[in-house]
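> Below, each chain spelled out in residue letters.
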Amino acid sequence: MSDFLQFVFSGLTVGAIYALVGIGFALIYNASHVINFAQGEFVMIGGMATVALIDLGVPLLPAALVAIAIAALVGVALEKLAIEPARNAGVVTLIIITIGASILVRGVVEVVLGKQFHRLPSFSGDQPILVGGATLHPQSLWIVGALVVLVVGLKLFFDRHPFGKAILATAHNRLAAQLVGIEVKTVLVASFALSAAFGAIGGILTAPLTLTQYDVGVMLGVKGFCAAILGGLGSPFGAVLGGLIVGLAEALAAGYVSSAYKDVVAFVMILLVLFFMPSGLFGTKGTERV
Amino acid sequence: MTSLEVAGLAKSFGGVTAVDDVTFSITPGHIHSIIGPNGAGKTTLFNLVAGLYVPTSGTVRLAGQDVTALAPHQRAALGLGRTFQNLQIFFNMSAIENVMVGRHLRRRAGFLGSLFALPSAWADNREARAQAARLMARVGLEAYLDAEADAMPYGALKRLEIARALAAEPSLLMLDEPAAGLNPTETQEIDRLIQSIAADGITVVLVEHDMKLVMGISDHIIVLDHGRLLAQGTPAEVARDPQVVAAYLGGEPA
Amino acid sequence: MANPALGRWGGLIVLIVVVAALPLVLPNKFYYDIAVKTGLNALVCVGLNLLIGYAGQISLGHAAFFALGGYASAVLTTRYEWNGFLALGAGAVATGIVAYLVARPILRLKGHYLAMATLAFGIIVSLVLNREIWLTGGPDGITVPTLRLGDMRLRSAETWYWITGGALVVVTYLALNLIHSPSGRAIRALHGSEVAAETLGIDVARTKTMVFVLSAVIAAIAGSLFAHADRFITPNEAGFLRSVELVTMVVLGGMASTFGAIVGAALLTVLPQALAGFDEFKHIVLGAILVGTMIFLPKGLVPSLGALIRRWRR
Ligand SMILES: Nc1ncnc2c1ncn2[C@@H]1O[C@H](COP(=O)(O)OP(=O)(O)OP(=O)(O)O)[C@@H](O)[C@H]1O
Ligand SMILES: [Mg+2]
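Protein chains in written order, with this note's numbering: chain A, 1 to 290; chain B, 1 to 254; chain C, 1 to 314.
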């Protein structure tokens, strides 16, 4: 039982990060119908920039805030410089553009900050908390807590704030949104900034647990993509569920089946889901119009 | 013997019932038209017959055979051809290649024959090109043989779809608004083309909003409204039908 | 172009001439090795282009097929002492069967979902290659014996240059045949409009499966040749980034252009070598080139240049 609890703790911790990355995929997909393969790089930027600033003597909180701002700026730059000029390109071309951007970002970080691993100190020490016979790292609480706060905030933003509503409206029907006077361009930029910020927050929160390096974004991006697809593309809240499911499945598989194959779990799961429910767990299915 | 027979056919999308318990049959030869206001379910009906949509209920028979469970390509192999209201051109090919794809069911070379350029593949290519060129001339596109499809005007693309469908030598041809967006001269050409297709013994099912065209060339008309079959008969009978008149004038049926 | 066939076979002749003449300017073994790598990548890309460029189906997991071929050769020749050519054939067949089995469920998907599924497939294969150390040697890779033809040991860089060049010419010839055949038109029709293709009697699922299997088998053969040419293979060959690299070569050179795929493969193989002096900046340059080409020449290099030349002639 305590084993199980232990696996659930680690599953939820990792899953929360996948969820944050997944939300980012969903936000950008909603605004632009682009799958942003550079999503994982935002996570990496968050962690790496915070580490670099702390090395310069900046305290944690301002360092984190600046790192989030840097990631958001990179997100905006990505939209303005790479996505917008290729507005009418096909799916494959857009995928390649975001992949190119991710290689570029990795390259820049590699040159500026080097290839070494970095570790951020834990926010509230490393003294594990005992819960029902299992141990919980305080950082896990930070991660899951941040996810909860961000998801609730996002929900309120979409439901209450006029700009949040505008983002939803654009996702639902771009043309109609334009007709009622919504600045679609602003929505696009905001979506990229927001999703970059979410990724960066994830990166900062996990850096104390997992180390960070210029190329940690690749696998995280792919797993976040899994989360987003599992939750039904374009549904930020579906992506949260998707992320948590992937994280839990990985942790349970690592615990009970084979830790060597924990990474395979997410991908086998996504294949099975796609084979049997081609639009994800929570996606809507329609008949393609001819 | 009927060419096409639908019985109790229905299709709903979420809350919308696009086709609602429609039953009719179409005799071989002749020109049959399906008319109805926008959103009446005409295109949906075509898609059901072609096998692109799975019906909510009901059956489709082609030449007496129940094809309800068959895939679109299997229905094509039974002699069903069609064009599309929203153009479905292969924009990644030249005009003549579009029509050559129409010869797919008549090819002799298989995948390996194609890969190794066996004589059968050569023969297929020669035959397909000759037929395609002939059909393009027939629909008045001889000037566009080697044009890229994405560089052709709308009216030409409409005719290209007809040529492509004819290339498969269908016995039943469904045309979805072939005259939409065409000018009067072009419409007249389409009118003549449809008649010449029917004269070749191909059963034509036409969906069209141009009433002058429909009334002029149809032998038999089926009227749909809100997914339901409202009336059918000769052009004269349909034009006299009070329900049809009401549907078209937007009032309540008498 | 007045006669499209002229361009097609003209291109093949240019390829043959380039392959035949290149040794005149290759100064040493190092350059031969790069040429062999280029040729093997080009081989994979010609096949992958049939899938992506012509059939319009993305695959972000094609490196898996390359690696499956390579590992089949490696494992069968080292652990089971098979004849190299037999192993190559077995690897191609086995990879073809794997591709056939995954093709149907995967190729029902479209767009981003297809991208996700192929990506997942590729990552699963690469993880298995990493983990099954008893069979594959794990992350450290596995040494592959020299390929033998009778008593001849195919070892020198020159020998491999001719093997690769020959294979590339043959596969290019087959690809050109296919594209301009009834089956090839069916394949291209999928890209143009699946719906229209179906209503013309094309069995969409079957046609997709055919191209998928063909491109996988070509990748597997290239992988086997690679394993023997390098005499070493690691699971990196199956990795996500390697799959991405292959797709990038195809798109950069020009989708739906066989010679574009070859040019793309050549550029992205040679460029990193040329940038070796600026190792640090390699990724920046590569990323910038990718983004830039996609924005300014979205059709890829060869088709865009072709259009430019045609316009300039007029
Ligand atoms: N794939 C689909 N998904 C959801 N609703 C659909 C779909 N296809 C058609 N509909 C709906 O079904 C109804 C009938 O549409 P259909 O296109 O068959 O009409 P139509 O008679 O062809 O109209 P028009 O004359 O405008 O072409 C409409 O309300 C339409 O919105
Ligand atoms: Mg219609």
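Source of the hints: derived by calculation from the structure; they are not laboratory data. Possibly wrong hints are sitting among the right ones.
Derived pair list, reagent style DSSO-like, types lysine-lysine, alpha-carbon separation capped at 30 Å [claimed, not checked]:
1. 165(A) with 262(A)
2. 299(C) with 262(A)
3. 299(C) with 282(C)
4. 185(A) with 80(A)
5. 37(C) with 282(C)
6. 29(C) with 80(A)
7. 115(A) with 299(C)
8. 80(A) with 37(C)
9. 299(C) with 29(C)
10. 165(A) with 115(A)
11. 299(C) with 37(C)
12. 155(A) with 115(A)
13. 185(A) with 115(A)
14. 299(C) with 110(C)
15. 165(A) with 155(A)
16. 80(A) with 155(A)
17. 185(A) with 165(A)
18. 282(C) with 115(A)
19. 110(C) with 185(A)
20. 37(C) with 185(A)
21. 115(A) with 110(C)
Predicted, not measured: the structure shown is a model, and the values here were computed from it.
> Hint by hint, note whether the structure agrees.
Taking the hints in turn, this is what the structure says about them:
1. 165(A) with 262(A): Violated: residue 165(A) and residue 262(A) sit about 39 Å apart, past 30 Å.
2. 299(C) with 262(A): Roughly 39 Å separates the two Cα atoms, so the pair is violated.
3. 299(C) with 282(C): Roughly 24 Å separates the two Cα atoms, so the pair holds.
4. 185(A) with 80(A): Satisfied, since the Cα-Cα distance of roughly 10 Å is no more than 30 Å.
5. 37(C) with 282(C): 18 Å, holds
6. 29(C) with 80(A): 45 Å, violated
7. 115(A) with 299(C): 35 Å, violated
8. 80(A) with 37(C): Violated - the C-alpha atoms of residue 37(C) and residue 80(A) are around 36 Å apart, more than 30 Å.
9. 299(C) with 29(C): Violated, at about 35 Å.
10. 165(A) with 115(A): Roughly 42 Å between the alpha carbons, so the hint for residue 165(A) and residue 115(A) is violated.
11. 299(C) with 37(C): 25 Å, holds
12. 155(A) with 115(A): 38 Å, violated
13. 185(A) with 115(A): Distance ~36 Å between residue 185(A) and residue 115(A) Cα, so the pair is violated.
14. 299(C) with 110(C): It holds: about 21 Å lies between the C-alpha atoms, which stays within 30 Å.
15. 165(A) with 155(A): Holds, because 10 Å separates the two Cα atoms, which is no more than 30 Å.
16. 80(A) with 155(A): The given pair, whose Cα atoms are some 26 Å apart, holds under the 30 Å limit.
17. 185(A) with 165(A): It holds: about 15 Å lies between the C-alpha atoms, which stays within 30 Å.
18. 282(C) with 115(A): 14 Å, holds
19. 110(C) with 185(A): Holds, because 27 Å separates the two Cα atoms, which is no more than 30 Å.
20. 37(C) with 185(A): Given pair residue 37(C), residue 185(A) is violated - Cα atoms ~44 Å apart, limit 30 Å.
21. 115(A) with 110(C): Distance of about 37 Å is beyond 30 Å: violated.
Of the numbered hints stated above, those contradicted by the structure are hints 1, 2, 6, 7, 8, 9, 10, 12, 13, 20 and 21, listed in ascending order.
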